[in-house]
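These protein sequences, in sequence, are chains A and B. Positions 1 to 305 (our numbering) are the ones given, in order, by the first sequence. Positions 1 to 352 (our numbering) are the ones given, in order, by the second sequence.
Hints are computed from structural coordinates only; laboratory data are not their basis. Since the model is a prediction, treat every value here as computed from it, not as a measurement. No residue lacks a Cβ here, since even glycine has one placed at the ideal position from N, Cα and C. You can take every hint at face value.
Some, not all, of what chain B presents toward chain A, calculated at C-beta under 10 Å:
id, residue
1, Ile-91
2, Leu-143
3, Ile-153
4, Ala-162
5, Trp-165
6, Leu-290
7, Ile-332
8, Val-337
9, Leu-338
10, Leu-342
Here's the letter readout for the chains.
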Amino acid sequence: MSLSFVLGLLSGSVTSGTTLLYATLGEVIVQRAGIVNLGIEGVMLVGAATGFAITAETGNPVLGIVGAALAGGIFNLVFGFLVITRMANQLASGLAMMFFGFGLSALIGRPYVGSHINGLENVEIPALEGLPVVGAAIFDQDPLVYLVFPLAVGIWWVLFRTRWGLSLRAVGESPTTAFAAGRNPSLFRYQAVFLGGLLGGIAGAHLSLALALAWSEFMTGGRGFIAIALVIFSKWHPIRAIAGALLFGGALILQLQMQASGVKISAFLLEMIPFLVTLLVLIAWGGARRHAAPASLGRVYQGTE
Amino acid sequence: MGSTTEKAGHPIRLNYPWVIMGVRYVSILVVALIVFAAVLLVVGKDPVQAYADTFAYTFGNFRGFSEVIARMIPLVLTATAVALPSRLGLINIGGEGQLYMGAWLATWAALTFDHLPKLILLPLVVLLGFIGGGLWAAVAGALRAKGWVHETISTLLLNYVAPAWANYFIFGPWRSPDSASYPQSNAFVDAARLPTFGDTRVHVGLILGWIALFFYWFLIRKTRWGLEMRAIGGNPDAARRVGIPIRTYMIMAMFLAGGIAGLAGMAQVSAVEGRLKQALSPGYGFAGFLISWLAGGNPLGILFMAFLLSMIRTGGDILQITQGLPFAVVNILLALVLMIVLARPALRGQTT
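Chain A extracted, bound-state conformation:
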């Protein structure tokens, strides 16, 4: 294993982990409010397609990211309508949104297959980039990478140190109690679902605007589901999600690194790594984690009479 292999892995983990981290942070917020959204795959695809389309039209990736976030947020409001207002089954609704995202993103992205864009440009951090060996590997990334770490801390602060966050978590633990304490559970759940959609959309945009610089159908390739597993792995905690995202991002990038360095293992076997790693990690953490889950996760709130 050469130094360049390790550095590539390191830098790749950060980039690839960033996509996962945005999606994971979004799902943490949603699940903290007591809702499971299996449709992140769809949200990410819609974000990726919208972001790419806007960037291709305007030439401005920042507009693309904003558009992707809004598209993800609005897309998730449909999910919110189903599970909050209509009190529908959350797992089935999530899968419906996944299908919806498959189709919608294909429709949005269709005219842009093969389009060339100028994606997000890397920004070097002058002081740190000069660090020996690792500097150039880690501190030469796209802006979304630098934003995601403070964002994770910010989300932790909002969830655990503000009144709004306390209310949101209360809704996830016991909507009835939160209602009795004067909070509107439906309102908080809508807010959580919208925020989750914003972040899922950005995750998709990061994929199409910073990593792939292209749009293709189903380009998320299961990252949405890895993000859901990451939420469990990180015990519904935004800061712990950072470590998880870097680890799983590493698993995603390891296969590319190994192929690039000419390791004689079939690309298809390597493709299995991130999913097997995810599953093995979940097994290793076992049932011990369940106590950390919001108590009302997945339960329909029928209203308080």
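Chain A is already provided as a structure; the job is to place chain B on it using the hints.
Structure of chain B alone, referenced to chain A:
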């Protein structure tokens, strides 16, 4: 109807179940078609023309109609694979992966024992197709039974592993020397091929689908095992207290379900393709989840919904050809159907 345990809140369902069910399904479809027509209009396509093309192809001639039936087969199997464990409260979203593992193990049997007579080889191919999918799903069942990983997550993750595993063999050990540009396995010998009806693509898998549906209905409705399974689905705590071995049932139900989905994969390689190749399943596993959910696990509902979805998916091909739309767009129509039912639970005849 698929359930005798309905609450008293649905008396009408017991009186006129078929009429009511028919009206529900048709109204779901009509609303979905109207909304999808709006989507088509937005992207500048003519919905009337699109629907007319689809209808003309699927019902206008024997060839098109037989194609709808042929594509319905894997859907019936993957939907049954969702319905069975759902009776225990298990959510199997891994039909896609189970299908691929069934196809993979069936292919192994077909390529390894190609010298055996058809009377032995074909049943072996079918059996290994079942076992391949079954064991794959049993992993998720065991993880759930142990309380380690919820089957929703594990089956979803395994969906991404199985096709890669099959691809490894397609591009590696099993790659046919004469498939330079489009990698696939060697063709199956005739003895390993599941027969088709006439010169259509409808194959014996159709009968396997009926058998699976009947087996599912019989197991759940007519046996003590089925009763205990429904007890687990209804109230796991009570089931545990009366001594029902929940864990064993969970693993067994997932094994049977995965086996049934594996048959779908087996039929794709043995009857339709005659070899293992890439992209065997354009989302049959996910569509099966949808069908089972829409049908509320009712066996006849599954048949009807599978037919409907097969028509929609065949229509998706027509849209792709005549309207230049990506095939994935058909997913919007699928999602609309599901979302309408989710938003109006009464349409499905269930209030949960």
